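Visitor: Residue strings, one per chain:
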Amino acid sequence: MAGAVPAVSAARGQCAAVHAADHLTEHAAVRWLLIGIALLFLGLFLILPLVTVFVEAFRKGAALYFAALREKEALAAIRLTLTTAAFAVPANLIFGLAAAWAVSKFRFRGKQVLLTLIDLPFAVSPVISGLVFVLLFGARGWFGPWLSEHDVKIIFALPGIVLATVFVTFPFVARELIPLMQAQGVQEEEAAATLGASGWRIFWKVTLPNIKWGLLYGVILCNARAMGEFGAVSVVSGHVRGKTNTIPLHVQILYNEYKFTAAFAVASLLVLLAAVTLGVKSFIEWKHHQSAHTGAEESGDPI
Amino acid sequence: MSHIEVRGLTKSFGGHLAADGISFAIGKGSLVGLLGPSGGGKTTVLRMLAGLERPDSGDITFEGVRVNDIPPQKRGIGLVFQNYALFRHMNVFDNIAFGLTVQKRSKTYIRERVGELLELTGLAGLAERLPSQLSGGQRQRVAFARALAPQPQLLLLDEPFAAIDAKVRKELRLWLRDMIDRVGITTLFVTHDQEEAVEVADEIMIVNRGRLEQKGSPEHIYGTPQTPFVAGFIGESSRVEAVSELHGFEHCHEGAKAIVRPEFIEIGSPRELRLPSASGQGIVKAVFFRGTHWQVEVEVGTNRLFGYRDLEQPALHPGDATHVLVHRAYLVSGGQVSVVENRYKTDPMPVHI
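Order-wise, the sequence lines are chains A and B. Position 7 of the first sequence, counting from 1, maps to 7 under the numbering used here, and the rest follow consecutively. For any residue, its number in the numbering used here is found by taking its place in the second sequence, counting from 1, and adding 303.
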């Protein structure tokens with residue numbers, strides 16, 4: 001294991017040092033043109049917006065930046081966003097795990113239908129997703145009269161926001177796990193069963209450890225989307241200041257009121273979240289890659 | 304009473320019959336090879352014995368007890384998968400200990416038993432390795448040790464050597480044979496490699512298209528195949544479309560088909576043949592170098608046969624006229640196989656002379 005890592009990196013270093021033969025590559029001008037276009041595109045569409053957020057946020061000094069974050073309504077928005085994620089992420093963790101488990105480890109009727117349903121939130125516009133919940137639970141919706149009779153508030157309140165977020169972020173965990181679990185097959189589980197392990201033990205001792213990195217990856221993406229969701233949440237939230245505004249909604253309100261510095265300051269929180277997400281994501285990918293390839297170098301020795 | 308008994312086992316997957324009324328019995332402590340072409344239903348039979356697949360009909364009994372409705376967890380079997388299916392996140396020790404942990408054995412017992420198995424399988428010193436850090440042969444032995452650890456009553460091996468390169472495979476075969484003799488456990492293994500089955504098994508069952516074609520010792524199956532499939536599948540063979548055209552087989556009725564093995568054939572000049580009077584004329588069609596011998600294809604009448612020739616003997620060339628002595632043929636008629644000897648061999652001088 002210890003020997004494998006340097007060997008791999010040495011091999012990589014070698015590859016980088018060797019230039020492709022002339023007949024295998026393009027003319028220098030073509031190369032630079034293509035690289036230039038790619039860099040320009042990257043800068044224009046990814047780097048520039050990110051920089052703008054921070055430049056605008058700090059335009060009037062750090063004091064104003066932090067003041068914008070400490071504002072009562074901003075704090076309420078942050079709290080609501082965290083609460084929503086705290087409900088939506090665990091819910092989708094469990095749903096996603098159960099769905100992936102069912103789809104990848106069992107044969108049953110309607111599997112394709114289930115797979116399509118899991119993808120539905122990706123296919124439907126978030127605004128429509130939000131609207132569905134308004135039509136279901138709103139004052140004039142299907143369950144509206146019954147809900148108002150029993151004094152239960154779903155739309156324009158936390159439950160509605162959580163529901164809309166759960167719906168929109170539903171595919172992340174399941175979509176991450178299904179290909180992974182399908183590739184791993186059921187043999188390890190079958191082996192565990194023949195060794196006497198119960199279904200519960202098989203899940204905890206065999207299945208879960210094999211998918212932990214994929215699961216974590218799915219959870220992180222799910223969390224990033226849950227915190228950043230705008231469309232669906234916007235429809236069901238009602239934009240009550242200090243009450244039903246999440247961070248993205250709060251940013252929009254500030255912006256519409258020409259409070260640019262405050263808007264960018266709050267927006268920078270989401271950018272930071274994205275940066276952290278990407279950081280953790282690449283760490284997990286690295287870790288996953290490492291655990292999948294440890295010692296591959298050594299497997300060449302004879303029996 | 305037989306240890307394992309299977310009666311009328313049938314299983315189909317969406318119209319495809321993977322097992323079609325298979326019945327057999329396995330004695331305690333014997334090593335049986337389930338041999339057949341890929342997709343013939345061998346693995347399905349194995350999985351039904353393990354309880355991973357539910358038969359559509361038929362019964363499976365272990366020591367006289369029907370186990371059809373007993374889940375795999377409670378059958379007391381050890382299963383070694385084709386790709387080993389080792390728990391990839393557990394080291395060798397934990398892999399082997401898994402079945403014992405499930406049985407809630409004491410820590411000291413587990414340590415002892417795993418140590419014993421590591422010793423037995425020659426894996427001592429590798430206990431801390433992960434499966435990805437092992438070679439194919441080592442993984443196979445870990446899978447074997449893991450299956451044996453809870454002391455199952457029946458060991459099932461699914462193509463145990465398929466994923467190992469040819470040279471190591473030979474060593475592992477002998478090792479496995481030796482190991483099973485020492486442990487003394489009833490074993491059924493699936494293979495598509497007849498050399499492997501012949502070398503390892505006490506008894507062979509040949510399965511084709513979901514049906515059990517023949518069961519018996521390797522010598523018996525080799526010497527007296529009962530069905531055309533077995534005659535053609537076991538060993539090397541040429542199919543003869545008109546056996547009555549071969550010298551010594553004129554008494555077979557016209558158009559009768561037969562299967563002839565290369566070891567039943569001698570090809571060469573009359574002086575090289577053991578019984579020139581029993582041989583007929585043939586024309587060499589092709590000659591292949593096979594390392595330790597020549598493989599020679601000859602045409603006799605409308606039939607094409609192949610046989611072997613020593614490297615020491617003068618080389619034959621395509622187009623040469625030669626003599627062909629066919630000692631024996633498996634006559635195929637109506638799904639039955641009978642052995643026919645060359646009649647000039649047993650009776651070289653007809654009575655009327």
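Just so you know, the hints here were simulated from the structure itself, not pulled from any lab data. There's no promise every hint is true.
As a list, the in silico SDA-like pairs of lysine to any residue whose alpha-carbon atoms are at most 20 Å apart [unchecked claim]: (1) Lys-518(B) to Ile-363(B); (2) Lys-205(A) to Val-405(B); (3) Lys-205(A) to Glu-431(B); (4) Lys-648(B) to Lys-518(B); (5) Lys-105(A) to Arg-357(B); (6) Lys-205(A) to Ser-409(B).
Have a look at the derived ranges for each label pair, beta carbon to beta carbon [what the hints assert, rightly or not]: (7) Leu-272(A) to Leu-423(B): 23 to 33 Å; (8) Trp-200(A) to Thr-313(B): 25 to 35 Å; (9) His-620(B) to Glu-26(A): 48 to 58 Å; (10) Arg-109(A) to Val-368(B): 30 to 40 Å; (11) Ala-86(A) to Leu-423(B): 46 to 56 Å.
Calculated from the model, a selection of chain B residues having no Cβ within reach of chain A, i.e. all distances over 12 Å [what the hints assert, rightly or not]: (12) Ala-353; (13) Asp-359; (14) Val-383; (15) Asp-397; (16) Thr-404; (17) Arg-414; (18) Glu-419; (19) Gln-497; (20) Glu-502; (21) Glu-544; (22) Glu-557; (23) Pro-565; (24) Gly-583; (25) Thr-605; (26) Gln-616; (27) Tyr-647.
Predicted, not measured: the structure shown is a model, and the values here were computed from it. Just so you know, even glycine gets a beta-carbon here, dropped at the ideal spot from N, CA and C.
Visitor: Each hint should be assessed against the structure and marked as holding or not.
Guide: Okay, the hints, checked on the actual structure:
At most 20 Å may separate the alpha-carbon atoms for a hinted pair to count; Lys-518(B) and Ile-363(B) meet this at roughly 18 Å. Between Lys-205(A) and Val-405(B) the CA atoms are separated by roughly 11 Å; this keeps the pair inside 20 Å, and the hint holds. Between the alpha carbons of Lys-205(A) and Glu-431(B) the distance comes to roughly 18 Å, so the proposed pair stays at or under 20 Å and holds. With a C-alpha separation of about 31 Å, the suggested pair Lys-648(B) and Lys-518(B) falls outside the 20 Å cut-off, and the hint is violated.
Using a Cα cut-off of 20 Å, the hinted pair Lys-105(A) and Arg-357(B) holds, with the two alpha carbons roughly 16 Å apart. The hinted pair formed by Lys-205(A) and Ser-409(B) meets the criterion: a straight-line CA distance of about 19 Å does not exceed 20 Å. The hinted window of 23 to 33 Å between Leu-272(A) and Leu-423(B) is violated, with their beta carbons roughly 57 Å apart. Hint check: Trp-200(A) to Thr-313(B), Cβ distance near 33 Å, so the stated range 25 to 35 Å holds.
Checking the proposed 48 to 58 Å range against His-620(B) and Glu-26(A) shows it holds: the Cβ atoms sit about 55 Å from each other. Between Arg-109(A) and Val-368(B) the beta carbons are some 33 Å apart, a value that agrees with the proposed interval 30 to 40 Å. Here the CB-CB span from Ala-86(A) to Leu-423(B) is close to 52 Å, well matched to the stated 46 to 56 Å. With 12 Å as the threshold on Cβ separation, the claim that Ala-353(B) sits away from chain A is violated: the shortest Cβ distance comes to roughly 6 Å.
Every CB of chain A lies more than 12 Å from the CB of Asp-359(B), the least distance being 15 Å, so the non-interface label holds. Not every beta carbon of chain A lies more than 12 Å from that of Val-383(B), the smallest distance being close to 9 Å; the non-interface claim is violated. Non-interface status of Asp-397(B) relative to chain A is broken: a Cβ of that chain comes within 12 Å, the nearest being about 9 Å off. For Thr-404(B), the requirement that its beta carbon stay farther than 12 Å from each beta carbon of chain A is not met, with the minimum near 9 Å.
Even its closest Cβ contact with chain A, about 18 Å, leaves Arg-414(B) beyond 12 Å, as expected for a residue assigned away from the interface. With a closest Cβ-Cβ approach of about 17 Å to chain A, Glu-419(B) is found to remain outside the 12 Å limit, as its non-interface label requires. Distance check on Gln-497(B): its Cβ is at least 23 Å (rounded) from any Cβ of chain A, clearing the 12 Å threshold; non-interface status holds. No Cβ of chain A comes within 12 Å of the Cβ of Glu-502(B); the nearest lies about 17 Å off, and the non-interface call holds.
With a minimum CB-CB distance of about 45 Å to chain A, Glu-544(B) clears the 12 Å threshold, and the non-interface call stands. At the 12 Å boundary, the C-beta of Glu-557(B) stays outside the reach of chain A, the nearest C-beta of that chain being 53 Å off. With a minimum CB-CB distance of about 33 Å to chain A, Pro-565(B) clears the 12 Å threshold, and the non-interface call stands. The non-interface label for Gly-583(B) is consistent with chain A: the shortest C-beta to C-beta separation is roughly 49 Å, beyond 12 Å.
Even its closest Cβ contact with chain A, about 49 Å, leaves Thr-605(B) beyond 12 Å, as expected for a residue assigned away from the interface. Non-interface status of Gln-616(B) relative to chain A is upheld: no Cβ of that chain comes within 12 Å, the nearest being about 38 Å off. Listed as a non-interface residue, Tyr-647(B) keeps its Cβ farther than 12 Å from every Cβ of chain A; the least gap is roughly 51 Å.
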